[in-house]
Amino acid sequence: MHTGRNSRHIIVAITLLSLLSLIIPTAPARSSERFSFLAISDVPYSAEESRTLTQRAYPAIRASPLPFVLFLGDFKDAKSTCTDDLLTERRDQIMGLHPGRVFYTPGDNDWTDCDRRAIPEPMSELDRLDVLRRLFYAAPMPLPPEWRFSQQPLFPENMRWLYNNVLFATLHLVSTNNGREEILLDNVAFALTLTEARDEANLLWLDAAFTEAGRIDAAAVVIATQADITQRKYQTPCTSKERQKCDAFASINLRLRYLAARYAKPVLLIHGDTNPYCLDKGFGDAAAPRLWRLNSTGDYSFVDAAKITVDIPDSTAPFTVTSLTEKVVPQSECKSGGK
Numbered sequence: 336m337h338t339g340r341n342s343r344h345i346i347v348a349i350t351l352l353s354l355l356s357l358i359i360p361t362a363p364a365r366s367s368e369r370f371s372f373l374a375i376s377d378v379p380y381s382a383e384e385s386r387t388l389t390q391r392a393y394p395a396i397r398a399s400p401l402p403f404v405l406f407l408g409d410f411k412d413a414k415s416t417c418t419d420d421l422l423t424e425r426r427d428q429i430m431g432l433h434p435g436r437v438f439y440t441p442g443d444n445d446w447t448d449c450d451r452r453a454i455p456e457p458m459s460e461l462d463r464l465d466v467l468r469r470l471f472y473a474a475p476m477p478l479p480p481e482w483r484f485s486q487q488p489l490f491p492e493n494m495r496w497l498y499n500n501v502l503f504a505t506l507h508l509v510s511t512n513n514g515r516e517e518i519l520l521d522n523v524a525f526a527l528t529l530t531e532a533r534d535e536a537n538l539l540w541l542d543a544a545f546t547e548a549g550r551i552d553a554a555a556v557v558i559a560t561q562a563d564i565t566q567r568k569y570q571t572p573c574t575s576k577e578r579q580k581c582d583a584f585a586s587i588n589l590r591l592r593y594l595a596a597r598y599a600k601p602v603l604l605i606h607g608d609t610n611p612y613c614l615d616k617g618f619g620d621a622a623a624p625r626l627w628r629l630n631s632t633g634d635y636s637f638v639d640a641a642k643i644t645v646d647i648p649d650s651t652a653p654f655t656v657t658s659l660t661e662k663v664v665p666q667s668e669c670k671s672g673g674k
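In this text, residue positions in the sequence shown follow my numbering: the first is 336, and each later residue adds one.
Treat the hints as calculated values from the structure; they're not laboratory data. Ideal placement from N, C-alpha and C gives every residue a C-beta, glycine not left out. Watch out, some of these pointers could steer you wrong.
[What the hints assert, rightly or not] Cβ-Cβ distance ranges computed for the label pairs, FRET-style: (1) D419 - P477: 35 to 41 Å; (2) V663 - R397: 37 to 43 Å; (3) Y593 - Q390: 24 to 30 Å; (4) E383 - T657: 21 to 27 Å; (5) D412 - E661: 19 to 25 Å; (6) S385 - G435: 22 to 28 Å; (7) T660 - D420: 36 to 42 Å; (8) P488 - Q428: 27 to 33 Å; (9) A622 - E368: 25 to 31 Å; (10) S650 - L520: 25 to 31 Å; (11) P488 - G617: 33 to 39 Å; (12) A622 - D420: 45 to 51 Å.
[To be verified] Calculated lysine-lysine pairs in the DSS-like style (CA-CA distance at most 27 Å, straight line): (13) K580 - K568; (14) K616 - K670; (15) K600 - K616; (16) K600 - K670; (17) K616 - K568; (18) K662 - K414; (19) K414 - K568; (20) K670 - K568; (21) K662 - K616; (22) K580 - K662.
Can you make the complete structure from the sequences, with help from the hints?
Okay, structure coming up:
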């Protein structure tokens with residue numbers, strides 16, 4: 336039986352390990368120059384999307400000279416069985432887009448929804464997460480030392496790196512209320528304990544990212560996740576008493592806006608999971624005016640990668656976006672609030 340004491344031990348361990356990453360000395364950062372990178376998510380969800388992906392989007396990504404690719408989770412639809420073979424196949428496809436330069440953060444379709452009754456062979460979501468971590472994160476990424484790549488202890492999917500004096504970080508946040516709902520084949524209390532530990536790890540990793548950005552005077556911060564944390568199914572935050580029917584993103588939502596408001600440089604949140612494909616500053620609003628938000632391509636919008644350009648000297652538009660193959664620009668207004 337797993338108890339609250341075990342949960343506290345996990346969180347204490349995460350805290351200590353994460354704090355260690357803050358005391359590693361760093362060299363002075365270089366000034367930022369204009370550059371672009373790619374993001375893609377929430378594909379393929381159908382046979383038609385798979386054909387478009389393999390015949391058009393993937394070849395364009397592989398041919399692109401851009402330095403790296405973000406894959407923001409949901410590499411399959413919600414009704415396909417999450418077999419080892421399928422997960423391995425998707426791993427090979429994704430990591431083959433730009434060998435050694437693909438940063439993948441998991442989506443709900445990739446693990447937490449693998450136990451749904453609509454799936455032909457439902458499987459333990461916790462077991463599927465273990466498989467994902469083994470497949471995607473067992474080997475270190477062969478990155479140059481100047482990228483200062485690091486992973487969070489116990490949560491290797493939470494990554495951080497520096498490119499052209501812009502600090503990037505991934506956070507493991509997924510839909511299905513961040514994995515708090517529809518726990519069908521695992522011990523619910525234990526699964527929720529692990530979710531709470533992951534929540535705490537995400538907050539610590541986000542804090543560490545902004546601490547590091549301040550230490551090196553990074554020109555901008557980019558945070559990438561699968562879940563659309565602006566979408567709220569429930570009105571009240573999660574607590575020790577209400578662990579499921581609660582707003583699983585309330586804490587990270589508040590912390591990100593607080594940190595972005597304090598940071599005197601541009602901040603970009605990139606996510607998938609919902610639509611429309613859009614870029615605006617409505618999430619930060621007047622409280623965090625330098626916080627931008629990009630809802631990437633995919634999730635039934637259209638199959639393509641988003642080409643994100645960072646141009647820090649352009650204070651009015653430090654982040655601009657167009658899709659890679661179709662040259663589609665995002666809508667200028669994003670939806671927020673409840674679904």
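Quick rundown of the hints versus the structure:
1. D419 - P477: 35 to 41 Å: At 25 Å between Cβs, range violated.
2. V663 - R397: 37 to 43 Å: Once the Cβ atoms are compared, 20 Å apart, the range 37 to 43 Å for R397 and V663 is violated.
3. Y593 - Q390: 24 to 30 Å: At 44 Å between Cβs, range violated.
4. E383 - T657: 21 to 27 Å: holds (23 Å)
5. D412 - E661: 19 to 25 Å: Holds - the Cβ-Cβ distance for D412 and E661, about 22 Å, lies within 19 to 25 Å.
6. S385 - G435: 22 to 28 Å: holds (25 Å)
7. T660 - D420: 36 to 42 Å: Check failed, 29 Å falls outside 36 to 42 Å.
8. P488 - Q428: 27 to 33 Å: holds (28 Å)
9. A622 - E368: 25 to 31 Å: holds (30 Å)
10. S650 - L520: 25 to 31 Å: Because 50 Å falls outside the window, the suggested range is violated.
11. P488 - G617: 33 to 39 Å: Check passed, 35 Å falls within 33 to 39 Å.
12. A622 - D420: 45 to 51 Å: Since A622 and D420 have Cβ atoms about 47 Å apart, the given range 45 to 51 Å holds.
13. K580 - K568: Since the Cα atoms of K580 and K568 sit roughly 8 Å apart, the hinted pair holds (cutoff 27 Å).
14. K616 - K670: Within the cut-off at roughly 11 Å; holds.
15. K600 - K616: holds (14 Å)
16. K600 - K670: This hinted pair holds, its Cα atoms lying about 24 Å apart.
17. K616 - K568: holds (22 Å)
18. K662 - K414: Not OK: K662 and K414 at ~31 Å, beyond 27 Å, violated.
19. K414 - K568: holds (22 Å)
20. K670 - K568: Distance ~14 Å between K670 and K568 Cα, so the pair holds.
21. K662 - K616: holds (22 Å)
22. K580 - K662: Violated, at about 40 Å.
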